[in-house]
Amino acid sequence: MTDISQTADAVESLDTQSDVDAPETLRYTEELLRVDNVSLSFGGVNAITDISFNIMKGEVRAIIGPNGAGKTSMLNVINGFYHPQKGVISFRGKPRRRMKPYKAAASGIARTFQNVALFKGMSTLDNIMSGRSLKMHRGFLWQVINIGPARNEEIEHRKRVEEIIDFLEIAHIRKQPVGKLPYGLQKRVELGRAMAMEPELLLLDEPMAGMNLEEKEDMSRFIIDLNTEFGTTIALIEHDMGVVMDLADRVVVLDYGKKIADGTPKAVQSSQEVIDAYLGVAR
Amino acid sequence: MLYREAGQFKTSYAADQAMLPILQDRIGILVILLVAFVGIPVFATDFFMGSIMIPFLVFALAAVGLNILTGYAGQLSLGTGAFMGVGAYSCYKITTLFPDTNIIIAILLSGVFSAIIGVIFGLPSLRIKGLYLAITTLAAQFFLEWCFIRIGWLYNYNDSGAIEVPQRKIFDIAVTGASATPMVRYLVIVSIVAVLSLVAANVLRGRIGRSWMMIRDMDIAAELMGIRPLYAKLSAFAFSSYYCGVAGALMVFMWLGSAEVEAFDINHSFLVLFMVIIGGMGSILGCFLGAAFIWVLPIVMRGLPSLMGLDILAATTEHITNIVIGVLIIFFLIVEPHGLARLWQIGKEKLRSWPFPYASS
Amino acid sequence: MELLNSIFVAPFVDMAAYPDFLIQVIWEGFVAGVLYSLIALGFVLIYKASGVFNFAQGIMVVFSALALVSLHEAGVPAWLAVVLAIGIMGVLAVSIERLVLRKLVNQHDAILLMATIGLTLILKGVGELIFGGEPKPMITEQLGLPTGSTDWEVFDGIVIFQHIDIAAAVIAVLMVMALGVFFSKTRIGRALRAVADDHQAALSVGISLHQIWAIVWFASGIVALVTGIMWGARSEVSFALEIIALKALAVLILGGFTSIPGAIVGGLLIGIGEKLFEVYWGALFGSGVEAWFAYVLALIFLLFRPQGLFGERIIERV
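Residue numbers (our numbering), protein chains in the order written: chain D, 1 to 283; chain E, 1001 to 1361; chain Z, 2001 to 2318.
Since the hints were derived computationally from the structure, they do not count as laboratory data. Do not take every clue at face value.
Claimed, not checked - Straight-line C-alpha distance at most 20 Å; calculated PhoX-like pairs for lysine-lysine:
(1) Lys120(D) - Lys180(D)
(2) Lys1129(E) - Lys2185(Z)
(3) Lys1129(E) - Lys100(D)
Construct the entire structure; sequences and hints are all you get.
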């Protein structure tokens, strides 16, 4: 199978690109996303410099690093919101350089945001329904009549959405406008909205920022379930090291827009460069 | 007590997603339709139908159009008047170039031209956002107004520069022109407005309406979820302009009888905007409430002084009306940004628990 | 061919053939541009400090000028009328801040814009109620402003400069300089810039938003009064000005909402541009292109440079 040779490549490239040892055993065999030598700058300020890494199908990949390391910019590049000046991104083996965000969404990449980006004027239900937009196809004329196909389609997707609502335990706020929900619940609705897209790759930008311990545990549970039960590949940015160490299969560490380590949580944790980046170096 | 949902359980998603899930609302709408289609034509005077109801319905439809664009899709427009004008002039051209066209079809068709112009002026919205877009629509307003004056073909090179509504009949009943009775005109207009409002409500509840609201609330997130801004914004411009166009055609053909460019000037754009603000952004019901309010308020204000036996100049009451509307706009923005429609909803909530104000949360 | 000729060749031949007329046209455009700039300036002041897109700036110009003229009509000496008119704008600024802005803190931009549209209606209604809707002549001479004109013989022709136009340009320059000094050298100016940068940060160092807002509205009220005097002296004081004032929006697009130099350059560009276009290319379209030229120019400009002449490139974040 070609997948295995690809993986071998991946492991090899890991070896050559970082001083951290490659993971002892890699459970995943198929590469879903590959970032090759990507650089991004804004008017002379380098946000990302020459970063390469990959995400295997089915794994939980964490991206960590101090503030301003370029983590969110990396996600923005992956789902086409920023266009890198250099480098190639391949999703499911297909390389691309410039891509419109809606095309990234259509190819199966979903996303949550660091500062909750829900549709504030809409209810929880409508927010999650909005995640189904790409899967609904009934044309304008059916919408006008709103009986028959358009309504059936709506109901069919409503069923899927209700499943997600059950999964995330947010049935009680189904019809409430999201703007007035507490922060933790908003984050949960946002996860639900991304789930509704049934993505192959889910990018989570600090899903647990500003949460208390209990909320973090809930969110972790959802992420694990999502990964194991639905088989969704997840890339997450998170500052809470405990969470990262527990959830992630592999971790990539960024600092000042450069990759400084890549590997299993354990390997990364013991890397001298990572420790220096977080604690500072005495010179 | 009066307005109770208790006992109304929904057992299917279809029932839960119905336009009016609550029994009392369904009864309410039925009563309104009965009054509109039977009560008013039977009991109301010609003056009431011709000078109050018809303009009210015209403006309500235009407000629906603007609300789709501004309230639902979040694209502020100051060019409503001009888009109404496009509809009116298109309808005039259709009826004069093809005199045999059924007048209802001509009116409904004229909205299509308005939609096309709307899409053209909506194109900048792909690059320009928020308040900057208001300038784009101002450009549309002044450019189109200029076209209505300069392009003689639009008004068939009349000396007056005005468009005169020709007489048209359906089944031997005069629908437009001088001999059409207010009742006939009222029935035509109320039917068109009812159907188009239903269409708007349907579209807004479905996939397309949701995509507009996604763009309105958070355009970046919407795009990252697969909404193409091009389609979403331009379809909103087209759909909204269609409504404004039909409203414009109705305004000239069913109400004014003839019109010059002044009927579509920027003051009318603002008038419709006020209706949307006071009625409630993002609410179809609000469009009707706002239109009723803004249209009826001046009429009441004009009548008040003579009722009270005061002798006040007409111009003075107009100024006072301006002030009152201005104060109300600010009042609504401060107290209830969602307008009359939201007040109505709050009222319903109160009725639900009346007479036990603490019964429900 | 003929069309291309009338677009690309004939107008320039005309310009070269009668340079005195060209200078006259540019001067007229320049003066109109100065007045656009002044309206835009009042706009920028408010937008900078409070983020409010003040739709009422145009009506404030009319309102203040009408107040001045009406006071004088009522027998108040000119100098006192000016003082009182300034006082009225001060009262207006404070009441707007108290009754409107204070209640709408942290609301969405569009809501604030619509509030100022409501304000426009109120000012218009009150203005017409108190001062009447009829156009009035400005009390130019009583204010000591120059009248008459100077002829300048050049290129075998004559260019006429109205003295009031020259005065308008000079006063505009003085006012911009005064504002510049005010912004950069005074304590309140510093506070203004702080508020413009970040409301919350400004609050946290003890700057009173309410006070700052009242001051900027007052400042732009004074700018409005000066604009009204100048405009009124050139034609007359009437509510028709309100529609013309909308052109300041186009100016702002060109210059950027927060830039004072931008407002000036944008205003001059539009003023001169639309006069030249009307005179030399207007015949091509039929007259009256002045009504939309400014907006269409701004629109085309926006498509290529959404951040305005002097704005920085916008980087969107999520």
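To see whether the hints hold, each was checked on the structure:
Annotation: proposed proximity of Lys120(D) to Lys180(D) holds, straight-line Cα distance about 8 Å (limit 20 Å). A C-alpha spacing of about 35 Å is found between Lys1129(E) and Lys2185(Z), which places the hinted pair above 20 Å, so the restraint is violated. At roughly 18 Å between alpha-carbon atoms, Lys1129(E) and Lys100(D) fall within 20 Å of each other, so this suggested pair holds.
Violated hint: 2 only; the structure is consistent with all others.
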